[in-house]
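Starting from the given sequences, assemble the full structure and let the hints guide the process.
2 protein chains.
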Amino acid sequence: MAVYTHLGAEDLARLIAEYDVGELVSAKGIAEGVSNSNWLIETTRARYILTMYERRIDPADLPFFLGLLDHLSDANCPVPRTIHDRSGAAWRKIDDKAVALIEFLPGVSPTTPNPAQLRAVGVALAQTHLAAQGFPMTRANDLGPPQTLAMLVQCGRDALALIDPELPAVLALGDGIVASWPSDLPASIIHSDLFPDNVLMLGDRVTGMIDFYFACSGAMAYDLAVTHAAWCFDQSGRRNYAELGKALIEGYESLRPLSESERTALPSLAQGACLRFIASRAQDWLDTPADALVRRKDPMDFMRRLEFYRANGQSAFT
Amino acid sequence: MAVYTHLGAEDLARLIAEYDVGELVSAKGIAEGVSNSNWLIETTRARYILTMYERRIDPADLPFFLGLLDHLSDANCPVPRTIHDRSGAAWRKIDDKAVALIEFLPGVSPTTPNPAQLRAVGVALAQTHLAAQGFPMTRANDLGPPQTLAMLVQCGRDALALIDPELPAVLALGDGIVASWPSDLPASIIHSDLFPDNVLMLGDRVTGMIDFYFACSGAMAYDLAVTHAAWCFDQSGRRNYAELGKALIEGYESLRPLSESERTALPSLAQGACLRFIASRAQDWLDTPADALVRRKDPMDFMRRLEFYRANGQSAFT
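So the protein lines, in turn, are chains A and B. Residue numbering for the first sequence follows my numbering, beginning at 1498 and increasing consecutively. Residue numbering for the second sequence follows my numbering, beginning at 1498 and increasing consecutively.
Please note that the accuracy of each hint is not assured.
If several chains are the same, the list does not tell them apart, and a pair holds so long as it fits within one copy or across any two.
Said to hold, decoys possible - Straight-line Cα separation of at most 25 Å, SDA-like style, residue types lysine to any residue; simulated pairs:
no., residue 1, residue 2
1, K1794, E1507
2, K1743, D1558
3, K1590, T1608
4, K1594, R1702
5, K1794, A1528
6, K1594, A1528
7, K1594, T1609
No lab work stands behind these hints, which were simulated from the structure alone.
Below is the structure:
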């Protein structure tokens, strides 16, 4: 969470004038996004999120990410629309950095979600999966099990052990996950990072799914497994309430029932999801100095979830 | 700029329910304030800034700071009002930290201000000085020249030289500033930190003066000198445009003409202002690891301004 670039009032006013959105009234740098700078912009007409793409995001992917928002938004998914400038462009450049103006959506991210909220998240996820099947672009998932296992191998057993003595066990588990990774599951464009931080809600209603910058082509059931792993556990890695997972899947299936092969694959998919977050967190941990002002996310949170999914198999989802 | 504390949606909704402000619609941590965490809060009724006092601010000072906002706001100064909770309290506690809900004001902070904007800032500053004379509380300035010189002495000549070889010269200059510090100038409550960051504007109009957490009892002309030093120079320490300072003082005097003794004191007061910012920046510089993600402010910016005021005397203000 950070604002990496200073944008002065005059820069912002000049930028906003390139869009048909009224005049600049207020701009606050907001503490969201780890690879972008973001501002909450108010104009005489409405509010917007201005995103500056700082790193990790390849500008060549912007047509995919920003086009996807428009596609999903056109299908009435709770997803912010990209605001196009007066020439129709979905993004512009300030100096050498790409920026996009995105619709502001109300809502707050729940930290202790209830089953009714999980159900709504399941519905919204299924809705985007169905709508995204009509999206004409594709994008490879560069954070699948083979890639994330390779990230962990590159970290090295010794470095992983420095984070936590139990962490290197992930390497052997990762081999198993890669070897038994299900293929040929029904695919669409998936969010692949739908943590509570990326969902805005008002009460039990999903008002916004945001931060699609890991979206890619992939198995829809994998996205459901990611969401299960991200929402249904507390800090200690034990499943908070069996009802949360049940409500998520029920909500999902109310719009898009899982096939038998998808249901069978869920335990493996969930372990693959854990591997992916263990890998990115371990890498970030090792890249971030211990005294930096950024809170490091503990990879062990997902090590415990991985163990839970291994131990409970299919019963983790019923 | 940071958000030091995580406040969940449920914590925020519970807090907002203690105020008669409608229901929570949105909350974004914003990258403002160095000693506080801040959120831009939207309710079904309006927008607000929620401030959590993290450090540097003594909770015993909150009646002064928050009462001052109400007093100035009652006098139609462009200052955000403190929102009181249903019991009438100006601040509450979450865990062991004080929080206050403050009116949101539109506007953006200029980075390359023009003379018309400086004039408006001068008017707004004079307006608050006059209005604050009726405020019944006082607060000692703990960042006057004796204290800030002591801070620099404590940093030590060697440490200052590590920041910049020319910086230790501030110690001898500081002795002179303390020795010739003007007394008995007309006093009020002063902002004492009115940098562009702390002023919101729409066009040439001041819509908000914010961040009164250094406000204290003091000479009004000192506050004008602080504002002059903060607004009228570019990065290189040379005065951007003589017109900026002239417009600031003209605006100020349109509401509150300076006395002869105040005008005579301006060069000394401005040097004292520079000493204060050199001291706090040098201390922050030495306290902040070079690889931290926080941008350190260079004390030399104000060393150059101090030299400018020494060299130009009264003509720096005409």
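Hint check results:
In this assembly of identical chains, the alpha carbons of K1794 and E1507 lie at most 25 Å apart only when taken from different copies (21 Å versus 36 Å within one copy). Proximity of K1743 and D1558 under a CA criterion of 25 Å is satisfied in neither setting, with 35 Å inside one chain copy and 50 Å between copies. In the homo-oligomer, the alpha carbons of K1590 and T1608 lie at most 25 Å apart only across protomers (20 Å), although the nearest pairing inside one protomer, at 35 Å, exceeds that limit. In the homo-oligomer, the alpha carbons of K1594 and R1702 never lie at most 25 Å apart, since the shortest distance is 35 Å inside one protomer and 31 Å across protomers.
Both within a single protomer and between protomers do K1794 and A1528 lie at most 25 Å apart by alpha-carbon distance, with minima of 16 Å and 20 Å respectively. For a Cα distance limit of 25 Å, the shortest separation of K1594 from A1528 qualifies both inside one copy, at 19 Å, and across copies, at 20 Å. Proximity of K1594 to T1609 under the C-alpha cut-off of 25 Å is restricted to the inter-copy arrangement: shortest distance 21 Å between copies versus 36 Å within a copy.
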